[in-house]
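Chemist: Letter by letter, the chains look like this.
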Amino acid sequence: MSVIVDENTKIIVQGITGHQGSFHSGEMIKFGAKVVAGVTPGKGGMKVHDVPVYDTVEETLVHEPDATMITVPAPFVKDAAFEAMYNGIRVVYILTEKVPLHDALDIVTYARSHGHVVIGPNGPGITVPGKTKMGIMPNHIFKKGTVAVASRSGTLTYEIVNALTLNGYGQSTVIGLGGDRITGLNFVDILELFEKDEDTEAIVLVGEIGGTAEEEAAEYIKKYVSKPVVAYIAGRSAPPGKRMGHAGAIITRGKGTAESKIKAFNEAGVPVAEFPWEIPQVLKKVYK
Amino acid sequence: MSVIVDENTKIIVQGITGHQGSFHSGEMIKFGAKVVAGVTPGKGGMKVHDVPVYDTVEETLVHEPDATMITVPAPFVKDAAFEAMYNGIRVVYILTEKVPLHDALDIVTYARSHGHVVIGPNGPGITVPGKTKMGIMPNHIFKKGTVAVASRSGTLTYEIVNALTLNGYGQSTVIGLGGDRITGLNFVDILELFEKDEDTEAIVLVGEIGGTAEEEAAEYIKKYVSKPVVAYIAGRSAPPGKRMGHAGAIITRGKGTAESKIKAFNEAGVPVAEFPWEIPQVLKKVYK
Amino acid sequence: MNLYEYQGKALFKKYGVPVPQGYVVFKPEEIMDFYGERVIKAQVLTGGRGKSGGVKFASNVEEARKLAKEILSMEIKGHKVHAILVEEKLKIEKEYYLSILIDRSTRKPLIMASPEGGVEIESVPDEKIYKFVVNPEIGVQPFVGRALAKKMGFTGDLAKQFTNILMNLYKLFREYDAELVEINPLVLTEGKEVKTEMYPPMSGMTLSTKAPGKLIAADSKVVIDTDSLYRHKDLEENAEEKTPLELEATKAGYAFVELDGNVGVIANGAGLTMATLDTLLLYGLKPRNFLDLGGTDSVDITKNAFTYVLKANPDAILVNIFGGVTKCDTVAQGIIAAKEAFNINMPIVVRLSGVHEEEGRKMLEENGIHAFADMRHAIEKLKEIMEGSQ
Amino acid sequence: MNLYEYQGKALFKKYGVPVPQGYVVFKPEEIMDFYGERVIKAQVLTGGRGKSGGVKFASNVEEARKLAKEILSMEIKGHKVHAILVEEKLKIEKEYYLSILIDRSTRKPLIMASPEGGVEIESVPDEKIYKFVVNPEIGVQPFVGRALAKKMGFTGDLAKQFTNILMNLYKLFREYDAELVEINPLVLTEGKEVKTEMYPPMSGMTLSTKAPGKLIAADSKVVIDTDSLYRHKDLEENAEEKTPLELEATKAGYAFVELDGNVGVIANGAGLTMATLDTLLLYGLKPRNFLDLGGTDSVDITKNAFTYVLKANPDAILVNIFGGVTKCDTVAQGIIAAKEAFNINMPIVVRLSGVHEEEGRKMLEENGIHAFADMRHAIEKLKEIMEGSQ
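Protein chains in written order, with this note's numbering: chain A, 225 to 512; chain B, 225 to 512; chain C, 8 to 397; chain D, 8 to 397.
Some clues are possibly wrong.
Keeping only pairs whose Cα atoms sit at most 30 Å apart, straight-line, the calculated DSSO-like set for lysine-lysine is [what the hints assert, rightly or not]:
#: 1; chain 1: B; residue 1: Lys509; chain 2: C; residue 2: Lys390
#: 2; chain 1: B; residue 1: Lys466; chain 2: C; residue 2: Lys115
#: 3; chain 1: C; residue 1: Lys158; chain 2: A; residue 2: Lys234
#: 4; chain 1: C; residue 1: Lys228; chain 2: B; residue 2: Lys267
#: 5; chain 1: C; residue 1: Lys138; chain 2: C; residue 2: Lys20
#: 6; chain 1: A; residue 1: Lys466; chain 2: D; residue 2: Lys221
#: 7; chain 1: D; residue 1: Lys135; chain 2: D; residue 2: Lys58
#: 8; chain 1: D; residue 1: Lys58; chain 2: C; residue 2: Lys115
#: 9; chain 1: C; residue 1: Lys34; chain 2: C; residue 2: Lys228
Taking beta-carbon pairs under 8 Å as the criterion, some of the chain D residues facing chain B (in silico) [to be verified]:
#: 10; residue: Lys138
#: 11; residue: Pro143
#: 12; residue: Glu144
Keep in mind that the hints were calculated from the coordinates and are not lab data. Heads up, the beta-carbon is just placed ideally off N, CA and C, and yes, glycines get one too.
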């Protein structure tokens, strides 16, 4: 059992002939992912890493894809996501950053009322070590194991996964939810899946300033999560009103501070690490 | 068991203080329907037949309504239907005629992807003899029994129900799907429910010219319906290109003729009556 | 409501769907002087005007006015020519087909596109028609255009032109409450020769390539949902689709259709009215009209309905009311009032069933009007009378 | 991006949300002559300008120009006054609050309305704020306006005015990709006395009633999603929200925020950059800036990042790269190139992990730059250096 994707998930890549699409498709294949097709309008007939490229998502349906990785530029993401969903693709992962907020709103609204799962926008994707990878996380940091990681950032996630691996903690699923204000999945959504996942025994949440996803996660954990959870929160030093790289990492009108999130986690019995490299030690206190 | 509504269905009436809303609410209550509230903006605080009137659907939620009957003028139907659905009301029956086609499109699209049932627009509603009635069908023509009737028209339905009752055939459910081009339920949708309904033993379909709902019903009956079905089709004499009262009753580009529908039913083994009053005799041939 | 070609093209232009340059005239002398060639097109709400001589070419203004005068006096399949559209003559490379309509069975907008345009779409084989069911929650995003463009054989710039036309047409379709928007033919104009000077400059050598042509809506068929006209004040209702009598009755609130028989019909409910007409035919009688009284039981509404039936000059009148909650005595009063007011001497047979039905029938019989409780006996009586009178 | 009040009001006007009559000026002499009273309002991207003297009333043009001159030279909470909005003075009966924003937790637009306007919404008790979560698949239909109007205490004509404003505001919110549209206060103007002559006419008796006032947006706060600006060419980016250095770095493609410490920071990924700043603080060191290099591993991008960090005049520079797939030797080349090109003498400590990391670190050490494989040791080294230099 896995969360959202597994070794049988057939993936297409929209924007496969671009720099990102092409490079990461190759890395995904090396990791063991089933990349069955790519889409770039006007480039149908090409091959990238032996993967056939088509002009439209409709044409890839002969490969029965389950998931898509969208790497097209921000102005074209909405079109690409709806193309995928119209054609019945269940999981839509959006790598692209700077997707307009209202486009994300439209994509996520439609997805949620029609049974699609959206990962991102603006996240590194999802990795299930030993099974599959959809996204841009570096292959070499992973180790198969029992710790699930969900994060709002990219590189910081690698930092923490790397620390877990070096300290002997393998991972069941690692997912980047995305750094934008509206993302397909929030912590609560993924906690529900992790709690049910048989391969997951402990959970690491990597949050950051902005919004109230961490506070909601803390409430949810109190009520519904039996597995041990530890957390890290980035942005303790961030001044209010400034967008700290991620569109979602901004303190507005006093809401979304690191203090508030750390307090909520502490009240829910979730230990919060001070430094990213501390996660394994903190985890050790609550999980074997 | 009943189809769509039963004796426990709590009904609100949007437009209850209007001529139609007020009169038919009274008739519904006489028939045994649970009319729990009415809505007319600006008239909150009134009572109609002892039923409390509110300004908004939201305010009626204290009565936990399951269904709404919409009797507001055509330009306001879309607003009323979305008000009901936004507030979680499952069954939306639209009595009003001349609802703009694209408004019906929006209402029905949203309903179908969010689990709401729309009856109408432009139909007489639904009656479950002995249990409940939502709509404008005359109370006195019904008799509780085992024959289900689905129709695209109003008065013609009464004519046929009356003939059934006079000939000893009681009804399980009688539903008017509506005379418009887009309706919430087509024959195929209702056949699926009738086939499952334990109270229904035989089915009468009252179709008319325009569209292909009857042809699709015939295909569906061939494959999935085990109960005896008989039919009547109105509009054999209609010239092409003319709207015969109902917005949906029009032969366009040679499609939607009575001949085509009668032929389809005959091929599906569904006897088609020549005259409305013949339905009981035709039914007798296939059902006790 | 069907729009004339020039009205549809005005909407196309408003929404960025390319149309030929041109203008509408109602009199031949309104045609302005021009150089080159012009198309003179009859504006009628029917197809096949080309074969009927309703489309001509002119190379000077005198010729154009002469042709316009001829065309304006024509009748095409029974339709008087309403106006003339004067347009630039396109250089056509190929003709395509594109339409959007409401598909009743999926309850969704349906796009149909075909590389075989310029002929009736019904005559194009199914495998040459590419269909796309639009989810209105998604609308027509560019991907829809790309998917159809590929099937139509459009690449590069032409695919972009096609996608733009499709997205704009869908916007029009939704915002103007259309039942149908159709471009037939969607014309690809001839591309222009483009000469590029070759290197080295001034060598006198040029490379000749062909720039792609433009996709242009050479015709338009737009049908607007009549029930939505209250929010499209810019569109007038086109009179031509209804007979003058139909128009009059419709304005008075009755659903009314003229037919070619001799029995005037008044009934309540569209379904029952249709069933009444059908039954008459099956009995060998011919209805003169369809008139749906609607659900109201007012004396005046019943009485006034006779005005329009009488104007159609029938030989007899059948009234078929299944009352339900309608008060039959009120209906009877309306019928009697009409008989008196309009001095009706022809036979009237009435079927009256509903609240106070016996009272109503009694009133009718007392006024010399045949009244029955059921449809069958009423129609049988009518047949007997009409056969007796022959 | 925050819009100035006058920019927001221009959008309101475009979408049919009533605003006071007025115009913007950038120089006092642009104020035109007037009768009656005018409000002179400082245009700054911060709240509380009223208390800071940024809003004044004038009863003639000389006074208005004098006040405008004063206000234009003010700084309000550190913000220079950008312009002056000159408006009619409203006769206020009551002040309300209305806003629409994107609610991150429901992932839907959220409407907030309160009968207590004119104060910061944060200071209004929760039970006086009426919220409505919009389903964007439905949008804001009239029923939303009715439901909120009732709670706000609006009936009759005022309920209709409120519904119109709400529907128009939502349209603006969606079409202009707003993060927030806020009207605070939404003003109800005083109603006018209406005298009606009583029966019998000419009796001299009149009935005096009060016609309801108008709802008018007396202020505007509009925040547009920066990522959507490419499709709103009519909006210029307002410079004031960023420092000149932030603006410069952002235009060069780096996410950059100035802070008030003395350690220049370059890292990759927003989360890791934030974590780096946090860690510095926990170690007692103060970051001078946030600079996210992004995911690219080009020599030039790394080298140019130093330009902006150096302009902030830090005492030392920390580079924290968790490479993942980034090639560390390329990054090292960029750092070395920067050190040479910009002649950097202050301490540089680098954390470098990823593809070719050992090679990269070796190159750095050879060029006199401290390099580590992990974040912790890099920061500890930096602390050691900075404490040693005190």
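Chemist: Decide, hint by hint, whether the structure agrees.
Modeler: For each hint, the structure was consulted:
About 29 Å separates the Cα atoms of B/Lys509 and C/Lys390, which keeps this hinted pair within 30 Å; it holds. A C-alpha spacing of about 23 Å is found between B/Lys466 and C/Lys115, which places the hinted pair at or below 30 Å, so the restraint holds. At roughly 26 Å between alpha-carbon atoms, C/Lys158 and A/Lys234 fall within 30 Å of each other, so this suggested pair holds. Distance check on the hinted pair: C/Lys228 and B/Lys267 sit about 45 Å apart at the alpha-carbon level, beyond 30 Å; violated.
Taken as a hint, the C/Lys138 and C/Lys20 pair is honoured in the structure, with Cα atoms around 25 Å apart against an allowance of 30 Å. Distance hint between A/Lys466 and D/Lys221 is unfulfilled; the C-alpha atoms sit about 37 Å from each other, more than 30 Å. Using a Cα cut-off of 30 Å, the hinted pair D/Lys135 and D/Lys58 holds, with the two alpha carbons roughly 24 Å apart. Between D/Lys58 and C/Lys115, the direct Cα distance comes to roughly 57 Å. Violation of the 30 Å bound is thereby established for this hinted pair.
Distance hint between C/Lys34 and C/Lys228 is fulfilled; the C-alpha atoms sit about 23 Å from each other, no more than 30 Å. Using the Cβ-Cβ criterion of 8 Å, the hint placing D/Lys138 at the interface with chain B is not satisfied: the shortest such distance is roughly 12 Å. At its closest, the beta carbon of D/Pro143 sits 12 Å from a beta carbon of chain B; the interface hint therefore is violated under the 8 Å criterion. Checking D/Glu144 against chain B by beta carbon gives a least distance of about 6 Å; that is within 8 Å, so the hint holds.
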